[in-house]
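From just these sequences and the hints, can you work out the full model?
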Amino acid sequence: MARPITITVNGDKHSLEVEPRLLLVHFIRERLRLTGTHIGCDTTHCGACTVLLDGVPVKSCTVLAVQADGRQVTTVESLAVGGLHPIQEGFKQEHGLQCGFCTPGMMMSSFALLQEKPDPTEDEIRWALSGNICRCTGYMNIVKSVRYAAQKMKAAAAVPVEAGARS
Amino acid sequence: MAISTLIGASIKRREDPELITGTGGFVDDLPQTGLVHMYVVRSTEPHARILGIDTARARQADGVLAVFTGKELASEFQSPLPVTVSFVPEKKYPPHYPIATDRVRYVGEPVAIVLAQSRAAAEDAAERLDIRYESLPPVVDMEKAIAPGAPVLHDELGSNLAYDVKRAGGDIEAAFRDADVRISQRIRQQRLIPVAVEPRGVVADYKPFANALTVWSSTQIPHFVKVWLAVILGIPESQVRVVAPDVGGGFGSKIRVYPEEVLAALASRKLGRRVKWIEDRSENMKATHHGRAQIWDVEVAARKDGTVLGVRATQYLDLGAYCSQFGTFQAIALLLIQGPYKLQAWDGRGIGVYTNKTPTDAYRGAGRPEATYIIERVMDLVAQATGVDPAAVRRKNFIRQEEQPFTSLMGLTYDSGDYSTTLDKALEMVSYQQLRKEQAEKRKQGKHVGIGLSTYLEICGLGPSVATTAAAGIGFWGMAVLNLHFTGKATLVIGSSPHGQGHETPFAQIVAETLGLPLEDIDVVHGDTAIGPMGMDTYGSRSASVDGTAVYLSAVKVREKARKIAAHLLEAAEEDVVYENGKAYVKGSPTKAVTIQEITGAAFQPHRLPAGMEGGLDETTFFNPPNFVWPFGAHIAVVEIDDETGRVQIQRYVAVDDCGTRLNPLIVDGQIHGGIAQGIGQALFEDGVYGEDGQLKTGTLVDYLIPTASDLPMFETESLVTPSPTNPLGVKGIGEAGTIASTAAVMNAVADALSPFGVKDIDMPASPQKLWHLMHKNGGSKR
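Read top to bottom, the protein sequences are chains R and V.
53 is the number that numbering that gives the first Met the number 0 gives to position 54 of the first sequence; each next residue is one higher, with no gaps.
212 is the number that numbering that gives the first Met the number 0 gives to position 213 of the second sequence; each next residue is one higher, with no gaps.
The set of hints was computed from the structure by calculation and includes no laboratory data.
Keep in mind the model is a prediction, meaning the values are calculated, not measured.
Certain hints may be false.
Said to hold, decoys possible - Below, simulated SDA-like cross-link-like pairs (lysine to any residue); rule was C-alpha separation at most 25 Å, straight line: (1) R:Lys116 <-> V:Thr20; (2) R:Lys143 <-> V:Glu715; (3) V:Lys11 <-> R:Glu76; (4) R:Lys12 <-> V:Pro30; (5) R:Lys91 <-> V:Ala8.
Listed below in structure tokens is the structure:
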């Protein structure tokens, strides 16, 4: 039986009827056609589907859409506001992606990390991203990408970063 | 070539903006209308007869459009799936069709397809199928599979033996006769599951009145898929279009024509609807091919000074249930064991075996990591047996630079190489002598520190057409079409099909450099057979050296025609016209120049062209390289093994690679990093395990461990450049080098760390549990 839910995604409110078994990732990809969030496994390991739920990174393949009812979801599509977000810029500058399939999830985990720890150490970055699998890069350039973003965001601290903060 | 500014520059990738903003287009992301979803019902039995499939209840389920069993589809296939001769022309192989009809041979083999309005409806309906099997005994172990009396997978072959071949050179008897030291060792190459983070996916759209098929597929080989869909389904090749959109990694796992590509296309033809199939990870682990899966029995003849005289080895290769398209490619290891060393003799035997497991095929490096692993383990076993330092053993056996080009025992000609210089550089980076002293100190403190060397030699750049036809049954080549537009912009269509490598950027760099065009004026197009119908696609680190050369030669041809047009415009003799930096002028008068944009404009106005010249400025090149290319390098891993947990910590990882000219060092380093990580995955984490019952026990990422960010160190990379004489750019390949080198470097380090315990060789992966037992089996006592 379909159930009505209201989820705010990247600042836009969506009221839709969904089947209780519909996963949040399918809601995002198929109902809203936001296809930046990817599906890379079915056991909550790869992290390609990572989004923020009320600001906290979750694997959207392990959250039901009905569980997100009344909550805020932030996806990769929200990061660039009037230009690339420093995290996106970091991934480009430091060659932090190759095939790019894991990258949206990787960036959302990085985003959450930098909210919590604006100046993370290498170990903190590696630990924070250990739930996101990348098969292409060997992670070294991803670590550098996050550091790049941290520096950039620190330098621009006077200018608030808006991505994910819209409501 | 002139000294360049763009070739060799670390230009940021042009692929990135879409991928980092979530606007890329992987198969599952593409907007498609009117879709029907396909679910592939797969065998749960490793080996069984299909007695019957009752589809009635499934057909009646909500949202279901059709259900087809293998038997119902069998008459539609005009050919089995392709199998290339692939380095073992002697092999016996059965026809392999996209879907089973009366017998299944591995868990995951397609037995039926369900077409429904949604994926969920299709999956729900699949549960209502009643499939009756008569179980047959599964064949799991390779050696038991070829023992007398073993159950046989393919009755028509008479046994499970696909081939038993010899690949030898030099006098092996003499080598063993002259040896002071003889070593025997069984070395395992465990089964690996490639796990590209994007699983496979297909959308197929057949238009009945035009008899035209369009397929979007997450593949490395759209051009091969086009040809084979045409052959298998009986559609003219010109009516088949295959698109490889953004592809989320391949590593060899998307290198073959897959059953699901054929099944989705066939379903589309039967229903007259657009059909989508997206593989989930659980499917991917068993339906997408595996790699490695070998056992090697190795015997070494050496002198006590560390000279390796000869190697005799048997490679048992587990092909799985069928011979996959490039299934025997991994046997190329038999041609490459010699590596960068001067052996007197090599005596190789290759045995290919069918078992009730997922077929194996290329996985990053395919045959080359195995060859390197064997010879690099051999070097360390010899070092251990003779007491000669592993670096000195390698130096003693290296082919010297002045001996290049060198003809190997298997008749292959190495194009260039300076092996001792890369090793020296790597040793210097780790301060090797000092490191050995520190290791001795730490050992006294009870710490298990190991240093592992790996000096690899790689063959890539498929390939010289003559050689690849003889060995693999296909003549390979590279292709590029360069088209200049009226306004002086350029479109470059390439025959390779990237899936994460970033070809667009370095290939645009080649054209920009050669023609003096602004980089942003060059659009690079790939992966759509409607735009570039011919190509040999991407695998085996071939794109830069083969297609990249085709790009360069097309640009040179365009430049030469541009110079002719410029001479006409400048009213000068052609030989007096100089072309540089996008301008042409008469020698000595650089101020009176015509730009490439002006020349291009003229090229489309026939009255402005020299008499007899055709209009347009576009050139196509099919490049057939005269040889393979031979990258090489030296990697060193420094590890410490935790005494209490057995966990390996990689403390340093140093890589010195020589891939010839580096078109874009940013991308080269990225390839090395990723390659190293995958090789470390094999050494320490990954293991595709089947139970004796033929079930895959590591069928999810819960059980199959992929290295994560917290498992790996920062890599220290350096490069040397020995330009390849095989192509005008001097480039080799770098896509697999990291993987080829790193498994051996890490395992040599682990074995070195545990040598005080009398350990000689450790089966991969070197898991904490395994190492803990090795360290503590005698209550922790060392020999």
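So, going through the hints one by one against the coordinates:
1. R:Lys116 <-> V:Thr20: 23 Å, holds
2. R:Lys143 <-> V:Glu715: 14 Å, holds
3. V:Lys11 <-> R:Glu76: Distance of about 21 Å is within 25 Å: holds.
4. R:Lys12 <-> V:Pro30: OK: Lys12 of chain R and Pro30 of chain V at ~22 Å, within 25 Å.
5. R:Lys91 <-> V:Ala8: With Cα atoms ~15 Å apart, Lys91 of chain R and Ala8 of chain V stay inside 25 Å; holds.
Checked against the numbered hints given earlier, the structure satisfies every one of them.
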